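Residues per chain are reported as follows:
6 protein chains.
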Amino acid sequence: MKYGVRNSLQATVTKVKKGDIMAQMDCKLEGPIELSSVLTCDSVADLNLKEGDKVMVLIKAIHVIPVKE
Amino acid sequence: MKYGVRNSLQATVTKVKKGDIMAQMDCKLEGPIELSSVLTCDSVADLNLKEGDKVMVLIKAIHVIPVKE
Amino acid sequence: MKYGVRNSLQATVTKVKKGDIMAQMDCKLEGPIELSSVLTCDSVADLNLKEGDKVMVLIKAIHVIPVKE
Amino acid sequence: MKYGVRNSLQATVTKVKKGDIMAQMDCKLEGPIELSSVLTCDSVADLNLKEGDKVMVLIKAIHVIPVKE
Amino acid sequence: MKYGVRNSLQATVTKVKKGDIMAQMDCKLEGPIELSSVLTCDSVADLNLKEGDKVMVLIKAIHVIPVKE
Amino acid sequence: MKYGVRNSLQATVTKVKKGDIMAQMDCKLEGPIELSSVLTCDSVADLNLKEGDKVMVLIKAIHVIPVKE
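Protein chains in written order, with this note's numbering: chain A, 1 to 69; chain B, 1 to 69; chain C, 1 to 69; chain D, 1 to 69; chain E, 1 to 69; chain F, 1 to 69.
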């Protein structure tokens, strides 16, 4: 399986919170890094996404914004 | 400084490759995790982005896509 | 502070409306121009975003779509 | 004509720079505000986009990121 | 009318579901293909979007992700 | 394999054009519908993407913009 994105990371789901249309998923990468995702509740249902699940998270490079302080 | 995004991560720039309009920046987070960013060459120039720079990378949660294999 | 985006604009928040997962922020730029943002309620809380706040709004150039009528 | 985006702004194109795949368009809104767009060269050709053109620029609210300094 | 996006497709709205801030619209393209859109409830109201409506759907090429299984 | 996106469509690659940093892939869905994707050349190389390939294309619902004429 090959994804046409630069960034694909292994993660463990730590929390899923469903709203009316959108849901938020928090996950933990290796080490101390955590990420949040926002997706539709329909997608959460399709994936049967729940705490403890092992997932890949995909992020297109165009959506990664560097900031220099 | 507070960013209106769920994900803001500290990173060290490992490579900057400039094209005609767009550029690609690779960076290393804590631990073994690497990320790539695509941005305009103009933004690379504004930030004077180069190998070894410490940056924050911002990623809106809406751009993080979980996949279950 | 330098952002790796082409568009960073000064704005004053005119309205914040929170939903269950997502929130909508309206703001006013210089002159007659208004913009809306959608972000998570978590981000609204992190920024303590409220009417009257001075903010910068960042927009990557890739998300600006020209239309010719 | 109605667009399913929160932000649609009138603009005048000030510069178009074409690369191999992607192009960058700069434009001026009312007042002192300028915006940049990145799109494919194919889209620049379809729109016959050039300096002086009047365009609408569309920006989904989800792509507007507030930052509080 | 010319849009600065690579993908503009004719569609018929099959369902609109409104949440507090965001809404989801499902539509049908020619043939067996269906697409979903997420937009603000404000945009749904602006377009008076409802089942049976004929719409164009715009998708920037940068948001189309190929996957090879 | 389950993707956390609303839209996943089967497609056949009809053209791949590489630039310096970014590449453009055109593909054909079932019926008369064609889509274009923009991704990094690195991703094209990772997927070994070429004319005739069968791919899935993923599109998050948030990136589908309805327009009513």
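Treat the hints as calculated values from the structure; they're not laboratory data. Possibly wrong hints are sitting among the right ones.
Same chains, same label: a pair holds when it works inside one copy or across any pair of copies.
Calculated lysine-lysine pairs in the DSSO-like style (CA-CA distance at most 27 angstroms, straight line) [unchecked claim]:
#1 Lys54 with Lys15
#2 Lys2 with Lys68
#3 Lys54 with Lys17
#4 Lys17 with Lys50
#5 Lys54 with Lys68
Fair warning: this is a prediction, and the values are worked out from it, not measured in the lab.
Evaluated hints:
1. Lys54 with Lys15: Classified as within: same-chain Cα gap 12 angstroms, cross-chain 30 angstroms, threshold 27 angstroms.
2. Lys2 with Lys68: Answer is between; shortest inter-copy Cα gap is 5 angstroms, intra-copy 32 angstroms.
3. Lys54 with Lys17: Classified as within: same-chain Cα gap 17 angstroms, cross-chain 30 angstroms, threshold 27 angstroms.
4. Lys17 with Lys50: both (9 angstroms within a copy, 24 angstroms between copies)
5. Lys54 with Lys68: Only across copies: Lys54 and Lys68 sit 7 angstroms apart there, 32 angstroms inside one copy, limit 27 angstroms.
In summary, this structure violates none of the numbered hints.
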